[in-house]
Amino acid sequence: MIRDITIGQYYPADSIIHRLDPRVKFTGTLALIVSLFLFDSFYGFLLCGGFVAAVIIMAKLPLKYVLKGMRPILFLLLFMMIFNLLLTPGEVLGSWWIFTVTKEGIRSALFMGLRLIFLVLGSSIMTYTTTPNKLTDAMERIFAPLKLIKVPVHEFSMMISIALRFIPILLEETDKIMKAQQARGADFENGNVFKRIKALIPLLVPLFVSAFRRAGDLAEAMEARCYHGGKGRTKLKPLKYAFRDAIAYIVLVGLIVGAVFIP
Amino acid sequence: MSLILDNISYIYGKATAFETYALKNVNLAIPDGEFIGLIGHTGSGKSTLIQHMNGLVKATEGNIYFNGADIYDKDFKMKELRRKVGLVFQYPEHQLFETTVIRDVLFGPKNMGMEQLDAELAAYGALKAVGVGEDLLDASPFELSGGQKRRVAIAGVLACKPDILILDEPTAGLDPVGRIEILSLLKQIHEEQKITVILVSHSMEDVAEYVERIIVMNDGEVVMDDSPRVIFEREEELKAMGLGVPQVTRVCRRLHSLGMDINPDCITIDEAEQEIKKKFGLV
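These protein sequences, in sequence, are chains A and B. Numbers 1 to 263, taken from my numbering, label the letters of the first sequence in order. Numbers 264 to 546, taken from my numbering, label the letters of the second sequence in order.
The shape of chain A in the complex, shown without the other chains (with noise of 0.2 Å):
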């Protein structure tokens, strides 16, 4: 069940989007909902989920799966809906009790709905598509110029790297855990709200428990092997950009023209 959660997950696959510097998937993301938002019509919307759907298809991701890492979000879409639909003044269509159908409510609602939808899938995409340490690798490269002003970029990208190395991790361990406390009859799945909350507890403290105890092991491990910060540290695999790259660049640009100037 907990293994349904696919959003923020790397998908294994020989792909050309797979083999992008992650700079340019990283910027691609960034394009992408910046356009989503500079357009006000239906052409946009094509543009922009043309590109999309392009890159899932160029990315070899089985649609099923990425739609499945979508449903999280299913909530606040209906409900951001939902109000931007009932609550948007304009040309009344129709209404009922306190409740008021306006035409702009309607553009408004499935404009917000479909904005939501493309910045989601959007970076889904470059999750999916990009392994955590590559991510981490080109957000160091892309904010380094910050080292001037004295930000710790290197030491912000290894935190959030460590973060997402450990999202798998914890997620098995609340796997496992849940499952031990099942076996001595734990219920995590009837009751009332507080029953479920206290049901919680034989959850959360062992995880906590392990959460800390992991961290203080690697922790230490990362000081055995002299780890010190980003100082004069190299890279094994340096980034390197290669002609497609040029070209996926060309491309955002034709993207983010395209949002500008679109009627």
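Do not rely on the hints blindly, as some may be mistaken.
List time: in silico DSSO-like cross-link candidates among lysine-lysine, alpha-carbon distance up to 27 Å [what the hints assert, rightly or not]:
{"id": "1", "chain 1": "B", "residue 1": "Lys342", "chain 2": "A", "residue 2": "Lys179"}
{"id": "2", "chain 1": "A", "residue 1": "Lys176", "chain 2": "B", "residue 2": "Lys340"}
{"id": "3", "chain 1": "A", "residue 1": "Lys64", "chain 2": "B", "residue 2": "Lys287"}
{"id": "4", "chain 1": "B", "residue 1": "Lys321", "chain 2": "A", "residue 2": "Lys179"}
{"id": "5", "chain 1": "B", "residue 1": "Lys342", "chain 2": "B", "residue 2": "Lys321"}
{"id": "6", "chain 1": "A", "residue 1": "Lys198", "chain 2": "A", "residue 2": "Lys179"}
{"id": "7", "chain 1": "B", "residue 1": "Lys450", "chain 2": "B", "residue 2": "Lys347"}
{"id": "8", "chain 1": "A", "residue 1": "Lys176", "chain 2": "B", "residue 2": "Lys277"}
{"id": "9", "chain 1": "A", "residue 1": "Lys198", "chain 2": "B", "residue 2": "Lys342"}
{"id": "10", "chain 1": "B", "residue 1": "Lys347", "chain 2": "A", "residue 2": "Lys198"}
{"id": "11", "chain 1": "B", "residue 1": "Lys457", "chain 2": "B", "residue 2": "Lys347"}
{"id": "12", "chain 1": "A", "residue 1": "Lys195", "chain 2": "B", "residue 2": "Lys337"}
{"id": "13", "chain 1": "A", "residue 1": "Lys176", "chain 2": "B", "residue 2": "Lys347"}
{"id": "14", "chain 1": "B", "residue 1": "Lys321", "chain 2": "A", "residue 2": "Lys68"}
{"id": "15", "chain 1": "A", "residue 1": "Lys195", "chain 2": "B", "residue 2": "Lys321"}
{"id": "16", "chain 1": "B", "residue 1": "Lys457", "chain 2": "A", "residue 2": "Lys179"}
{"id": "17", "chain 1": "A", "residue 1": "Lys195", "chain 2": "A", "residue 2": "Lys179"}
{"id": "18", "chain 1": "A", "residue 1": "Lys179", "chain 2": "B", "residue 2": "Lys337"}
{"id": "19", "chain 1": "A", "residue 1": "Lys60", "chain 2": "A", "residue 2": "Lys231"}
{"id": "20", "chain 1": "B", "residue 1": "Lys287", "chain 2": "B", "residue 2": "Lys277"}
{"id": "21", "chain 1": "A", "residue 1": "Lys195", "chain 2": "B", "residue 2": "Lys342"}
{"id": "22", "chain 1": "A", "residue 1": "Lys176", "chain 2": "B", "residue 2": "Lys337"}
{"id": "23", "chain 1": "B", "residue 1": "Lys277", "chain 2": "A", "residue 2": "Lys179"}
{"id": "24", "chain 1": "B", "residue 1": "Lys424", "chain 2": "B", "residue 2": "Lys540"}
{"id": "25", "chain 1": "B", "residue 1": "Lys347", "chain 2": "A", "residue 2": "Lys64"}
Here chain A is said to cover these stretches of chain B; the calculated rule only asks that three of the stretch's residues, wherever they fall, bring their Cβ under 8 Å from a Cβ of chain A [to be verified]:
{"id": "26", "segment": "314-324"}
{"id": "27", "segment": "336-350"}
Keep in mind that the hints were calculated from the coordinates and are not lab data. Every residue, glycine too, gets a C-beta built ideally from N, C-alpha and C.
With chain A held as given, fit chain B onto it using these hints.
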């Protein structure tokens, strides 16, 4: 009282790039009162298999019958199965969470719906059976030593009074003395309480000494299921699976092949000792 696994298969991540068979057409019958060793290399499907036995994982294909009742039936009481089939996970001390030892052991029996008094009796009995002294009842489980924590965790499952006790690598990470202590403890519990014990391990030494039946798994399939002596005759096959025979059996076989008149099929150190003593006329 018995547990029957009928053609069980389990597939991880169906229809994605991660799809793998964790179990493939497993058929097993676990009758009452046996002491069974479940052996296999890391990743052979042992842990997945035992999680099927108390319904924590649902098989992709196949059926499981507990005392004749299909456990995937809608009316089947899963809680009853979880009580009757006690499962001790690997590193069970990681599941401890209560403020005192006795409260942690009481967690299981109370969940299973025992009355307070019965639950307490069961908890005291279980702690006594695993050799945790009364002076530790009110200690915090986090203050205990590794070996003691493990005993408390095993007591936590034993207190539910299971008919079948399954333990996933109960000796992992313990020193040699701790290993022998835990294993002989299990033998004692098996004999005194007449419950079925299934011992999951990848160490032949561990199981040879104690169990009466060995189930060997490889790549999600049950490849052998017989008494230790019969299994250990298939040394070459076991080696091919990354397993082997107990060290003492290897020694006896080597001595035998070098021309010494000694039984090549000793599987425990005691047997080998007797054989060698006999050879030199010491008995």
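Broken hints, numbered, in rising order?
19, 24, 25
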